[in-house]
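There are 2 protein chains.
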Amino acid sequence: MHAGLHTASGQFEARGFPEVSPPASVFPTIFESTSAIPMKASRFFVSTLKEAPADAEVASHRLMMRAGMIKKLGTGIYTYMPMGLRVIRKVEAIVREEMNRAGAVELTMPVVQPAEFWQETGRFDKMGPELLRIKDRHDRDFVVQPTSEEVVTDIARQEIRSYKQLPKNFYQIQTKFRDERRPRFGLMRGREFIMKDAYSFDRDLGAAKASYQVMADAYRRIFDRFGLRYRAVAADSGAIGGDLSEEFQVIAATGEDAIVYCPGSDYAANMEKAEALAPAGPRPAAAKPLEKTPTPGKSTCADVAELLGVPLSTTVKSLVLATDIVDEAGNLKGSQVWLLLLRGDHDMNEIKVGKVPGLDQGFRFATLAEIDDHFGCKPGYLGPLNLKKPVRLVADREVVVMADWITGANEIDFHMTGVNWGRDLPEPELVADLRNVVAGDASPDGKGVLAIERGIEVGHVFVLGTKYSKDMNATYLDEAGKPQFLEMGCYGIGITRLPAAAIEQNHDERGIIWPDALAPFTVVVCPIGMDRSAEVKVAAEALYEQLLVAGVDVLLDDRGERPGAMFADWELIGVPHRVVISDRGLKEGQLEYQHRRDTAATKVPTAGIAEFITGKLAK
Amino acid sequence: MHAGLHTASGQFEARGFPEVSPPASVFPTIFESTSAIPMKASRFFVSTLKEAPADAEVASHRLMMRAGMIKKLGTGIYTYMPMGLRVIRKVEAIVREEMNRAGAVELTMPVVQPAEFWQETGRFDKMGPELLRIKDRHDRDFVVQPTSEEVVTDIARQEIRSYKQLPKNFYQIQTKFRDERRPRFGLMRGREFIMKDAYSFDRDLGAAKASYQVMADAYRRIFDRFGLRYRAVAADSGAIGGDLSEEFQVIAATGEDAIVYCPGSDYAANMEKAEALAPAGPRPAAAKPLEKTPTPGKSTCADVAELLGVPLSTTVKSLVLATDIVDEAGNLKGSQVWLLLLRGDHDMNEIKVGKVPGLDQGFRFATLAEIDDHFGCKPGYLGPLNLKKPVRLVADREVVVMADWITGANEIDFHMTGVNWGRDLPEPELVADLRNVVAGDASPDGKGVLAIERGIEVGHVFVLGTKYSKDMNATYLDEAGKPQFLEMGCYGIGITRLPAAAIEQNHDERGIIWPDALAPFTVVVCPIGMDRSAEVKVAAEALYEQLLVAGVDVLLDDRGERPGAMFADWELIGVPHRVVISDRGLKEGQLEYQHRRDTAATKVPTAGIAEFITGKLAK
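Protein sequences appear in the order of chains A and B.
Okay, so the first sequence: first residue is 1 according to this note's numbering, each after it adds one.
Okay, so the second sequence: first residue is 620 according to this note's numbering, each after it adds one.
Hints may be right or wrong, so weigh each one.
[What the hints assert, rightly or not] Below are the BS3-like pairs computed for lysine-lysine, each with C-alpha atoms no more than 25 Å apart in a straight line: (1) Lys787(B) to Lys50(A); (2) Lys164(A) to Lys1156(B); (3) Lys691(B) to Lys467(A); (4) Lys72(A) to Lys659(B); (5) Lys164(A) to Lys745(B); (6) Lys1086(B) to Lys1066(B); (7) Lys787(B) to Lys40(A); (8) Lys168(A) to Lys659(B); (9) Lys745(B) to Lys135(A); (10) Lys1206(B) to Lys1156(B); (11) Lys40(A) to Lys783(B); (12) Lys691(B) to Lys470(A); (13) Lys292(A) to Lys333(A); (14) Lys997(B) to Lys537(A); (15) Lys168(A) to Lys828(B); (16) Lys72(A) to Lys1086(B); (17) Lys537(A) to Lys787(B); (18) Lys168(A) to Lys691(B); (19) Lys691(B) to Lys135(A); (20) Lys164(A) to Lys1206(B); (21) Lys783(B) to Lys50(A); (22) Lys168(A) to Lys1156(B); (23) Lys355(A) to Lys126(A); (24) Lys1156(B) to Lys40(A); (25) Lys659(B) to Lys209(A); (26) Lys1206(B) to Lys72(A); (27) Lys126(A) to Lys537(A); (28) Lys355(A) to Lys470(A); (29) Lys135(A) to Lys754(B); (30) Lys1156(B) to Lys1222(B); (31) Lys997(B) to Lys1008(B); (32) Lys917(B) to Lys907(B); (33) Lys828(B) to Lys787(B).
Please keep in mind that the hints were generated in silico from the structure rather than gathered at the bench.
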């Protein structure tokens, strides 16, 4: 029997695995860190694979699987293995520190949440199958949280009574679940994931904007510390308007998002948001006659331009939309058909279209019946001339300055060429920015032309306004004792997505290349023949302890692997700094240092190795 | 627009809330701690209540609610508010450090787990409504993990190939869910909770026992560091047998569990496990005649003893059990009735009864029909004499040494007195330990007598054997290249239950009294009239920064509350060390220090206050 009454005065000797402990001054005891425990590979868990599973389509997924950082349990559901968890913990630690520094206060909301809160805001019904729903033993509805706006608003309406308590910002780093239709790319689009979500509460929109700015600044510090190339890009903020939404995008050629920036200034926005300015010059004068030109079987702008031997940019495409007309009782009374004209080489931007007056309450693509009714023709040959019934016409800013353009004739196998505003059809009723920008467009800030690159969204800051506080009646009392709705903001960082994004940006054919701040270990000490050579063993352990005491996150690979396999492991895992200790080197008084990005090792005198390495880290 | 390309070389200046940062040497950067950020009450979230909600039945629930540590979201589901989360993080940090020190490796398994793994072990069907089940958008079954034996065994069967990889111990600190029938007592018996669960894998039972011992030792270090009075008590280890299960119980008068210990030795066990030794002396000689005595309406031993004016310990109670007889095809062929005899003042111990040969494959209480068939009487007057049909008789160790005892006559309203073994009925066929021990019983280790106190189970270490590895075919290859089942152990600590248990043990009428290691803040600096007195403000901030730099987890209460309210808050919250700074004190060159357990403050010269406090903590 092993028992008896124990108290704090009991002894602390390390039974089991006695190990060297770093001096207390290096590792404080308040919230003791994972790294306070010496790490030798034999006591850790290193598990690498030669081949990635077939379903791993992107580099980060392949490499995290091969490096033993994650393990698939089900579709979009992964165990964070010891090597991967260390990276996640480093992400969390940086996020937590900067959130605290910015005055946010950490709490932890439940993963399983009663549906009643989600019903208050209507999201329980609106969210669709992405929201994972549960019934408990009493048949009551619950959800697994995908975010926590409802719960944090419930906390705020109970806790925040007076303007004196504002501003307040609560955050959590917690497990989330979204039942994605197509989970893929490992941690990039998983179903279960860890997110940092923060929610600010303010007395008015001005104060909410200030809280937003504090968070936007904290995010810059966070992403700076991660050591990744990223852009903070303006994003559409929906009904709120103004510059109140930014995405933090890690630059990577494999990114899902197109991000727009101006190399000559600090302008950056996502594709949804980036504005296409009206062209600077005036419309050229009409030079060609209006003609109906046969274009048999050519139903796309590209085909027509090729047939006619003209640039695609001289063609105009017709997009037919419709809005429903309902009476006050909500009964459908008919529809209004809209014709949007865009240059043939441009793509429609749905967010922008949704801001056109008249289309801003919702729109849809017109039905074939509606199209036939107004154009007397089927899609492929539609245009603004010779309409059967009038439509509302909206021209893109670029289209309105075109002359002698080409568009559908509303007759199968025919297009109109030499079309000119004013002469052949009236000036457009509405002109708007309807399209995605393209590289080379003028920057909205007038400081050059736009470029486009790919990014992975890993953070988002957003002013929510009073949507949730109104739905849930979350108010505070102002100076006059009058209840006012709380102005909210929300701020997310994809904690488990971040390592995947970092890998997409930083890898080569041998494996991952972590920035120091995110590496599972910053330095790996690789002794060659540690089991055969007492000198190697002594030197390796001495260096390892020296680095440990200096506060370096170092791992000693004491597994006894052969050099080739050992090096391949750490190159795959992506530890940025490696020191090799060999018998031959020691005889020469030298060790070999190599950064993961270096093509060859650097010989460093044994005596100065610790300073050499800490110098590399300090950079 | 706030954008542009940022890199790690970007500047780090603190925008938003500039604050004093402690020197880097105090807070290392590897896994930076929550406490690295200066804590002032105005930037934190302090929210106390005068009254606890009506459903808070126990002290820990009441006090955690009143101190603003937890907030109820639904039945058995709580948000960990900032003040409570700090306590939980301190529990986690100590657990994590000692688990790492003991050679366990941290990973994080999913909260939402595919049912297929739970079907492999049969627990998906066996576990009942306590297991929260989900269907995803594709109607596939999932569970919210209550523990992770299945998932970790799946990891082991994939990852552990050779005996060379053993032993291995994986652990996680992760959200769990059990859909309890009666959630209550706040975090003590919630539905969602945080548990540290560890799982060891070994080559054979001997190695598994060694891994178990490493964990049992680590648990002692963990509970020592928490600063709580606790006992590690032997628990029943089910089919495995031997001393392979211990519970860690925090001593508290309000505990749900009875724990048995010997004040004169280190023997301790839970009630299920604690052995009642056979009495030392021989059976006294028969001194009374056997008589049928009228006991009208007296159907309990207590009533009979009172009627006859004899001690309860001279009576014997009859418990009638039954075992089903089935043929090889599993068809029910009949039943065997058992009569268990216990002293009238003793309680049956089901676990012990379940180990009696013949009862160890399952038993039930006999039906009224079976009782009537064998005893010719209804319960209340049953006994071993004058049976209608033979039964199998098992006597408790204590009963077999009794003489002149009293038991039912198998006739309504009559008992037999002066009953004696050998003379009036044969010596019992089976003698066994069938009862719960009581205070004053001899200790099984022969070193005195047993005492009983109440405890709250907060940890459990357990050898699992090969149950899961056999169900899931988790094997490794031994030296001969032969597959062998992995021997497992599991080790839990209730991370969110621990603070509740700590409070049950450490509170008074004013609030919580945290041990230093668990307190949300170790020291609170309370300035009186900080807004009115520049001297107080300067002295308070100087002391606060001095303690911060010394690595003390200190909070400065700069809210401007009046002294009474401020003191009441911190006494309720339970911060162990308080320093009060007032104008009057400063004029006298003195500050007031008070430990939460002290009845009065101690005056300490201003000059020496920081050393005084760190001295108090060092103790």
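Violating hint indices (sorted, rising): Hints 4, 5, 6, 13, 14, 15, 20, 24, 26, 27 are the ones this structure does not satisfy, whereas the remaining hints hold.
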